[in-house]
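Sequences and hints are given; from them, build the entire structure.
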Amino acid sequence: MIPENLLDNPVVAALKDLATAAKLEFDELTVEIAPGSIVEALRRVKKDLQFERLTSVTGVDRYPAEPRFEIVYHLQAIAKKQRLRLKARVASDPCEIESATSVYRSANWYERETFDLFGVRFAGHPDLTRIVMPDDWEGHPLRKDYPVTGTRY
Amino acid sequence: MADVKDTGVLDAAELPAETTPVEMPNDRGVTSERAVELDYNEHLKSKSGPRSMVLNMGPQHPSTHGVLRLLLELDGEEILKAAPDIGYLHTGIEKEFEQKTYQQGVTLTDRIDYLAPLSNNLAYCLAAEKLLGLEIPELAQWTRVMLAEFTRLNSHLVWLGTHAIDIGAMSVFLYCFREREEILRVFEMFSGQRMMTSYFRIGGLALPHPRGWQKRVKDFVDIFPSRVDEYEELLTTNRIWTGRTKGVGYISLEDMLDLGVTGPMLRAAGLKIDVRKDAPYSSYEKFDFEVPTRTENDVFARYQLRIEEMRQSCKIIKQALEGMPSGSHQADAPGIVLPEREKMKTQMEALIYHFKIVSEGFRVPEGEVYSAIESPRGEVGCYMVSDGTQKPYRVHWRGPSFGNLQSIPTLIEGTLIADVIAALGSMDFVLGDTDR
Numbered sequence: 001m002i003p004e005n006l007l008d009n010p011v012v013a014a015l016k017d018l019a020t021a022a023k024l025e026f027d028e029l030t031v032e033i034a035p036g037s038i039v040e041a042l043r044r045v046k047k048d049l050q051f052e053r054l055t056s057v058t059g060v061d062r063y064p065a066e067p068r069f070e071i072v073y074h075l076q077a078i079a080k081k082q083r084l085r086l087k088a089r090v091a092s093d094p095c096e097i098e099s100a101t102s103v104y105r106s107a108n109w110y111e112r113e114t115f116d117l118f119g120v121r122f123a124g125h126p127d128l129t130r131i132v133m134p135d136d137w138e139g140h141p142l143r144k145d146y147p148v149t150g151t152r153y
Numbered sequence: 154m155a156d157v158k159d160t161g162v163l164d165a166a167e168l169p170a171e172t173t174p175v176e177m178p179n180d181r182g183v184t185s186e187r188a189v190e191l192d193y194n195e196h197l198k199s200k201s202g203p204r205s206m207v208l209n210m211g212p213q214h215p216s217t218h219g220v221l222r223l224l225l226e227l228d229g230e231e232i233l234k235a236a237p238d239i240g241y242l243h244t245g246i247e248k249e250f251e252q253k254t255y256q257q258g259v260t261l262t263d264r265i266d267y268l269a270p271l272s273n274n275l276a277y278c279l280a281a282e283k284l285l286g287l288e289i290p291e292l293a294q295w296t297r298v299m300l301a302e303f304t305r306l307n308s309h310l311v312w313l314g315t316h317a318i319d320i321g322a323m324s325v326f327l328y329c330f331r332e333r334e335e336i337l338r339v340f341e342m343f344s345g346q347r348m349m350t351s352y353f354r355i356g357g358l359a360l361p362h363p364r365g366w367q368k369r370v371k372d373f374v375d376i377f378p379s380r381v382d383e384y385e386e387l388l389t390t391n392r393i394w395t396g397r398t399k400g401v402g403y404i405s406l407e408d409m410l411d412l413g414v415t416g417p418m419l420r421a422a423g424l425k426i427d428v429r430k431d432a433p434y435s436s437y438e439k440f441d442f443e444v445p446t447r448t449e450n451d452v453f454a455r456y457q458l459r460i461e462e463m464r465q466s467c468k469i470i471k472q473a474l475e476g477m478p479s480g481s482h483q484a485d486a487p488g489i490v491l492p493e494r495e496k497m498k499t500q501m502e503a504l505i506y507h508f509k510i511v512s513e514g515f516r517v518p519e520g521e522v523y524s525a526i527e528s529p530r531g532e533v534g535c536y537m538v539s540d541g542t543q544k545p546y547r548v549h550w551r552g553p554s555f556g557n558l559q560s561i562p563t564l565i566e567g568t569l570i571a572d573v574i575a576a577l578g579s580m581d582f583v584l585g586d587t588d589r
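So the sequences go chain by chain: A and B. For the first sequence, the numbering used here puts the final residue at 153, and the numbers step up evenly by one. For the second sequence, the numbering used here puts the final residue at 589, and the numbers step up evenly by one.
The hints are simulated quantities; they were obtained by calculation from the structure and are not laboratory data. The C-beta atom is built at its ideal place from N, Cα and C for all residues, glycine as well. Hints may contain errors.
What the hints assert, rightly or not - Mimicking EDC-like on lysine to aspartate or glutamate, the simulated pairs with C-alpha atoms at most 20 angstroms apart in a straight line are:
id: 1; chain 1: B; residue 1: Lys283; chain 2: B; residue 2: Glu251
id: 2; chain 1: A; residue 1: Lys80; chain 2: B; residue 2: Glu438
id: 3; chain 1: B; residue 1: Lys399; chain 2: B; residue 2: Glu566
id: 4; chain 1: A; residue 1: Lys23; chain 2: B; residue 2: Asp540
id: 5; chain 1: B; residue 1: Lys544; chain 2: B; residue 2: Glu249
id: 6; chain 1: B; residue 1: Lys248; chain 2: A; residue 2: Glu138
id: 7; chain 1: B; residue 1: Lys283; chain 2: A; residue 2: Asp27
id: 8; chain 1: B; residue 1: Lys430; chain 2: A; residue 2: Glu52
id: 9; chain 1: A; residue 1: Lys81; chain 2: A; residue 2: Glu28
id: 10; chain 1: B; residue 1: Lys425; chain 2: B; residue 2: Glu438
id: 11; chain 1: A; residue 1: Lys47; chain 2: A; residue 2: Asp17
id: 12; chain 1: A; residue 1: Lys47; chain 2: A; residue 2: Glu98
id: 13; chain 1: A; residue 1: Lys144; chain 2: B; residue 2: Glu249
id: 14; chain 1: B; residue 1: Lys248; chain 2: A; residue 2: Asp145
id: 15; chain 1: A; residue 1: Lys81; chain 2: B; residue 2: Glu443
id: 16; chain 1: B; residue 1: Lys248; chain 2: B; residue 2: Glu513
id: 17; chain 1: A; residue 1: Lys47; chain 2: B; residue 2: Glu407
id: 18; chain 1: B; residue 1: Lys430; chain 2: B; residue 2: Asp441
id: 19; chain 1: A; residue 1: Lys144; chain 2: B; residue 2: Glu251
id: 20; chain 1: A; residue 1: Lys23; chain 2: B; residue 2: Glu519
id: 21; chain 1: B; residue 1: Lys544; chain 2: A; residue 2: Asp145
id: 22; chain 1: B; residue 1: Lys283; chain 2: B; residue 2: Glu519
id: 23; chain 1: B; residue 1: Lys425; chain 2: A; residue 2: Glu52
id: 24; chain 1: A; residue 1: Lys81; chain 2: B; residue 2: Asp431
id: 25; chain 1: A; residue 1: Lys47; chain 2: B; residue 2: Asp408
To be verified - Footprint (simulated), chain A over chain B, 3 or more residues, beta carbon under 8 angstroms:
id: 26; stretch: 232-245
id: 27; stretch: 425-433
id: 28; stretch: 520-526
id: 29; stretch: 543-550
id: 30; stretch: 555-563
Here it is, written out as C-alpha cells:
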C-alpha cells in the first residue's frame with residue numbers, strides 16, 4: 001500500500017504501477033516492487049530518474065514468514081544527491097528473481113554474494129557462482145535456519 | 154624430443170569444447186549436487202589462440218595486499234583476460250552481527266577494514282543511532298570527525314608506502330610508517346588500542362578525552378604538512394615513478410559508475426563526489442575543506458589525489474583541534490550508554506542500568522536504515538535492519554573494496570602485466586573489507 005503523502009514523490013510516481021508499497025522512514029525512501037517487475041523498475045529509475053549507481057544488493061531472511069526473502073537494492077542519484085531503496089520479496093520456492101545485471105553491471109558480484117549467502121537464484125545472471133564461501137560449501141550461511149553453533153564433523 | 158610440449162603454452166584446441174560438470178565429493182566423501190557448477194576450464198579457453206598462457210597471481214602475491222587471487226590469461230606480456238577470485242578472508246562477520254548485541258557489534262566493525270577501523274565504527278554507530286533517534290553531543294561528533302580523518306591519514310600512509318614498494322621505491326615506505334606510528338600513538342592515547350580501537354560507541358565515545366591529547370595532536374599537525382612535502386619530493390618528480398604511473402590504469406568514468414566504484418578512483422576521474430560534502434554526517438558541514446579532484450584518471454592522478462586528500466585531512470584535524478567544543482562525550486541516554494563509574498557506586502539506578510546494558514543489551518526500535526560515510530577507500534554503507542530486539546536482525550556491510558574490485562577486469566584487460574601491479578595498487582583495496 002502506498003501512503004497518500006508519498007504519491008507526489010517523483011520516484012514513487014514513476015514506479016506507481018509496479019510498486020506494492022512505499023514508505024519514508026528516517027528520511028529514507030523505500031519502494032517495494034512486485035518481484036516480477038524488479039528489472040523494469042530498476043531500468044526506469046536508471047533511465048528516467050538518473051539513479052546512476054547501484055550501491056548494493058543484499059537480502060534479508062524473514063524466516064519462517066512467507067515470502068521469505070527480501071532482496072534489497074540500494075541506489076544513488078549522484079547529481080541529485082538522492083538515495084533510494086527498492087525491495088522485492090522472494091518466496092522460498094521457487095527461490096528465484098530476475099538478475100539486475102542487464103541494467104547495472106555492478107549487480108554482478110552483489111547478486112553472487114546474495115546467492116552465496118542466502119541461496120536466492122538470480123535468473124539471467126552471467127556467472128552465478130559462490131563468491132565468498134568455498135565452491136563446495138553446503139548451505140547458505142546467512143539464512144536464519146542455518147546453525148551458528150555445533151561442529152560440521 | 155619433437156613430441157615434448159612447452160608446458161607453459163596451452164593449446165586451446167586441445168581442451169575439450171564442453172566441460173562436463175564434475176560431481177564434487179565433500180570432505181566426508183558424500184557427493185552433493187552443487188547448485189551451480191564452476192567451470193574451471195573456462196579461464197583456460199583462449200580468445201587469441203595457442204599463444205596464450207594462464208598465470209595464477211595470488212593469493213600470496215605481495216602486490217595483492219592480502220589474499221586476492223587473480224587469474225590472468227596472457228599473450229606474452231599482455232593481459233587478455235582477468236578473473237579476480239575473492240573469499241579467502243571471509244570470516245562471516247555479517248552473520249556474527251546477528252549474534253551480538255548492538256554495542257558488541259562495534260568490535261566486529263574494526264576487523265572488517267582493518268586499515269580504517271574508526272571509519273567503520275562510525276558507519277555502524279551512525280546506523281544504530283539513527284534507529285534509536287539519539288542526539289550525539291558536539292564534543293563526541295567533533296572527536297569522531299578528527300579521529301576519522303586520522304584514520305584516513307593512517308590508511309593513505311599505508312597505501313602510499315606499500316604502493317611505492319610495489320612499484321619499486323623502497324624508502325617511501327619507511328617515511329610513511331614513521332608518521333603512521335605517530336597516528337597509532339594518538340589512537341592508543343584515546344582508546345588504549347593502536348589498531349582495533351572500537352573507540353566510537355553507540356551514543357558517543359567509549360572514553361572521555363585523555364589528558365594532554367591536544368599537545369600530541371598539535372605536534373602532529375604542525376609537522377605533517379612538511380612530511381607530505383617529503384613524500385612528494387621522493388616521488389612526484391621521480392622519473393621512475395612517473396614512468397611507471399603516468400598514463401597507466403585508465404578506466405572510463407562511465408564504466409566506473411556502472412561497476413559501482415566509489416571514492417578516490419572516481420575523484421581522480423574528475424567527478425567531485427564525497428559523502429562528507431554531499432550528505433554531511435557527524436557535523437562535517439562545520440568544517441572547511443576541499444574535495445580534491447584530478448582529471449587524468451591514471452595511477453599518477455590517484456597518487457596526487459590522495460596526497461592532496463592527506464593535506465585536506467590534516468586541515469580538518471587542525472580545525473577540530475582548535476575548535477573542539479566542550480561538553481559530554483556521551484549522549485544523555487540512560488539505558489543505552491553505560492553510566493559513569495562513580496555514579497554506579499552511589500546510585501542504584503546507575504547500577505541497574507549498567508547491569509542490564511552489559512548483560513542483555515538495549516532494545517532498538519523496529520526499522521531499517523542505511524548509513525553511508527566516506528571511508529579512505531570510498532563509500533562505506535551500513536544497512537541495518539532491526540526487529541525491536543537487543544540484536545540486529547540483519548547488518549549488511551557495503552564495503553568500498555568489494556565494489557571497487559569488481560572493476561578489475563575492465564581496468565587491466567589489454568594492459569601489460571607490469572602495469573597490473575601499479576593499477577591494482579592505485580585502487581587501494583583491503584581484502585578484509587572485500588570478503589568480510
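Hints versus structure:
1. Restraint check for Lys283 of chain B and Glu251 of chain B: the C-alpha separation of about 18 angstroms stays at or below 20 angstroms, so the hint holds.
2. Our distance criterion of 20 angstroms between C-alpha atoms is met by Lys80 of chain A and Glu438 of chain B, whose separation comes to about 18 angstroms.
3. For the proposed pair Lys399 of chain B and Glu566 of chain B, the alpha carbon gap of about 17 angstroms is at most 20 angstroms, so the pair holds.
4. Distance restraint check for Lys23 of chain A and Asp540 of chain B: the Cα-Cα separation of roughly 17 angstroms lies within the 20 angstroms cut-off, and the hinted pair is therefore satisfied.
5. Of the supplied pair hints, the one linking Lys544 of chain B and Glu249 of chain B holds, its CA atoms being roughly 10 angstroms apart against a limit of 20 angstroms.
6. Between Lys248 of chain B and Glu138 of chain A, the direct Cα distance comes to roughly 16 angstroms. Compliance with the 20 angstroms bound is thereby established for this hinted pair.
7. Between Lys283 of chain B and Asp27 of chain A, the direct Cα distance comes to roughly 10 angstroms. Compliance with the 20 angstroms bound is thereby established for this hinted pair.
8. Taking the CA atoms of Lys430 of chain B and Glu52 of chain A, the gap is near 18 angstroms; set against the 20 angstroms cutoff, the hint holds.
9. Only pairs whose Cα atoms come within 20 angstroms are accepted, and Lys81 of chain A paired with Glu28 of chain A is accepted, the gap being roughly 12 angstroms.
10. For a cut-off of 20 angstroms, the pair hint linking Lys425 of chain B to Glu438 of chain B stands: about 16 angstroms separates their Cα positions.
11. Restraint check: the Cα-Cα separation between Lys47 of chain A and Asp17 of chain A comes to about 17 angstroms, which is no more than 20 angstroms; the hinted pair holds.
12. Restraint check for Lys47 of chain A and Glu98 of chain A: satisfied, since their Cα atoms lie roughly 18 angstroms apart, inside the 20 angstroms limit.
13. For the proposed pair Lys144 of chain A and Glu249 of chain B, the alpha carbon gap of about 12 angstroms is at most 20 angstroms, so the pair holds.
14. Restraint check for Lys248 of chain B and Asp145 of chain A: satisfied, since their Cα atoms lie roughly 12 angstroms apart, inside the 20 angstroms limit.
15. Taken as a hint, the Lys81 of chain A and Glu443 of chain B pair is honoured in the structure, with Cα atoms around 18 angstroms apart against an allowance of 20 angstroms.
16. Using a Cα cut-off of 20 angstroms, the hinted pair Lys248 of chain B and Glu513 of chain B holds, with the two alpha carbons roughly 19 angstroms apart.
17. Between Lys47 of chain A and Glu407 of chain B, the direct Cα distance comes to roughly 14 angstroms. Compliance with the 20 angstroms bound is thereby established for this hinted pair.
18. For the suggested pair Lys430 of chain B and Asp441 of chain B, the alpha carbons sit about 10 angstroms apart, so the restraint of at most 20 angstroms is met.
19. Restraint check: the Cα-Cα separation between Lys144 of chain A and Glu251 of chain B comes to about 10 angstroms, which is no more than 20 angstroms; the hinted pair holds.
20. Using a Cα cut-off of 20 angstroms, the hinted pair Lys23 of chain A and Glu519 of chain B holds, with the two alpha carbons roughly 14 angstroms apart.
21. The suggested pairing of Lys544 of chain B with Asp145 of chain A holds, with an alpha-carbon distance near 16 angstroms, which does not exceed 20 angstroms.
22. Of the supplied pair hints, the one linking Lys283 of chain B and Glu519 of chain B holds, its CA atoms being roughly 11 angstroms apart against a limit of 20 angstroms.
23. With a C-alpha separation of about 15 angstroms, the suggested pair Lys425 of chain B and Glu52 of chain A falls inside the 20 angstroms cut-off, and the hint holds.
24. For a cut-off of 20 angstroms, the pair hint linking Lys81 of chain A to Asp431 of chain B stands: about 6 angstroms separates their Cα positions.
25. For a cut-off of 20 angstroms, the pair hint linking Lys47 of chain A to Asp408 of chain B stands: about 16 angstroms separates their Cα positions.
26. Counting residues of the stretch 232-245 of chain B whose CB lies closer than 8 angstroms to any CB of chain A gives 4, which reaches the minimum of 3, so the coverage claim holds.
27. Restraint check on the stretch 425-433 of chain B versus chain A: 3 residues with Cβ-Cβ distances below 8 angstroms, three needed, restraint holds.
28. Check result for the stretch 520-526 of chain B against chain A: holds, 5 residues qualifying (beta carbon to beta carbon below 8 angstroms, three or more required).
29. Counting residues of the stretch 543-550 of chain B whose CB lies closer than 8 angstroms to any CB of chain A gives 3, which reaches the minimum of 3, so the coverage claim holds.
30. Judged by the Cβ-Cβ criterion of 8 angstroms, the stretch 555-563 of chain B is covered by chain A as claimed, because 4 of its residues qualify and three suffice.
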